[in-house]
Amino acid sequence: MLPLNNSLRFDRILLGDPEDIRRMFARFSINADVPASMLRITMSGFFELPDIKRFVSMLRIEHTKLRCRKNQHVTLVDIRDMKIQPQGSVEGFQNVLNDPALVSRRIAFIVEPGLARAQIQRAAAGRPAMYFSTLAAAEAWLMSDAIPIADVTCLPPLIAAMRVLPA
1 MLPLNNSLRF DRILLGDPED IRRMFARFSI NADVPASMLR ITMSGFFELP
51 DIKRFVSMLR IEHTKLRCRK NQHVTLVDIR DMKIQPQGSV EGFQNVLNDP
101 ALVSRRIAFI VEPGLARAQI QRAAAGRPAM YFSTLAAAEA WLMSDAIPIA
151 DVTCLPPLIA AMRVLPA
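Residue 167, in full-length UniProt numbering, is where the sequence shown stops; the numbers in between run on with no holes.
Source of the hints: derived by calculation from the structure; they are not laboratory data.
A portion of the hints provided could be inaccurate.
SDA-like, lysine to any residue: derived pairs with alpha carbons at most 25 angstroms apart [claimed, not checked]: (1) Lys65 / Leu102; (2) Lys53 / Asp81; (3) Lys65 / Asn95; (4) Lys83 / Asp51; (5) Lys83 / Leu102; (6) Lys65 / Val103; (7) Lys53 / Leu115; (8) Lys70 / Ser37; (9) Lys53 / Asp99.
Ranges of calculated distance between the beta carbons of each label pair, as one might list FRET restraints [claimed, not checked]: (10) Arg67 / Gly114: 30 to 38 angstroms; (11) Met58 / Val90: 18 to 26 angstroms; (12) Leu49 / Asp81: 17 to 25 angstroms.
Computed from a prediction, not measured in an experiment: that's the story for all the values here.
Don't be surprised by glycine CBs; every beta carbon is placed ideally from N, CA and C.
Given the sequences, and given the hints that come with them, work out the whole structure.
What follows is the structure, given as C-alpha cells:
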C-alpha cells in the first residue's frame, strides 16, 4: 500500500491539476450595461450543447434589461479563457449569433490569436464583428463609428496598413 502522500500525488496525475479541471468546465457571466446599451459577456472553458442552452437562457434574460431599440445594442464578449470547442458547439454558437432576437448592432470579441479565434471568426461570419486582444480596444471600437488601428493584432495585414475606416 502506498503512503497517503503518494496516493494523493497519483490522484492528481489521474485527475489533473484542480485549476486545469476548473478551466475545463463551461463558465460564463452576462451583464446588461443599460446606460451604454451594451451586453458584457465573459466566457471560459469547454462548452457542450447543454451549456450553450443555459447561456442562451441567461442571454435572453439580460436582453430584456436593455432599453434601446431592438438590435441597437452592442455586445462585448471576452473569450480569452475559452478552450477550443467541438464542431457541434461552434455550430451552436453560430446559431446564437444569427438569432434575430439576439442580434446586436456590433459585437467585439476579446480573444487571443489561435484556434479559438479562428473558431469564433467562423461562427460570427456575416456579423458586424471585430476581434481584439485588449478590453480597451474592444470597448473603443464598440462605442465609436470607426475601426481602431491601434490594435493591429485584430486586423488582417492589408487593413492594418490603412488609416481609420468608417464603420
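Original post:
Looking back at the hints listed earlier, which ones does the structure fail to meet?
Top reply: As far as the earlier hints go, not one is violated by this structure.
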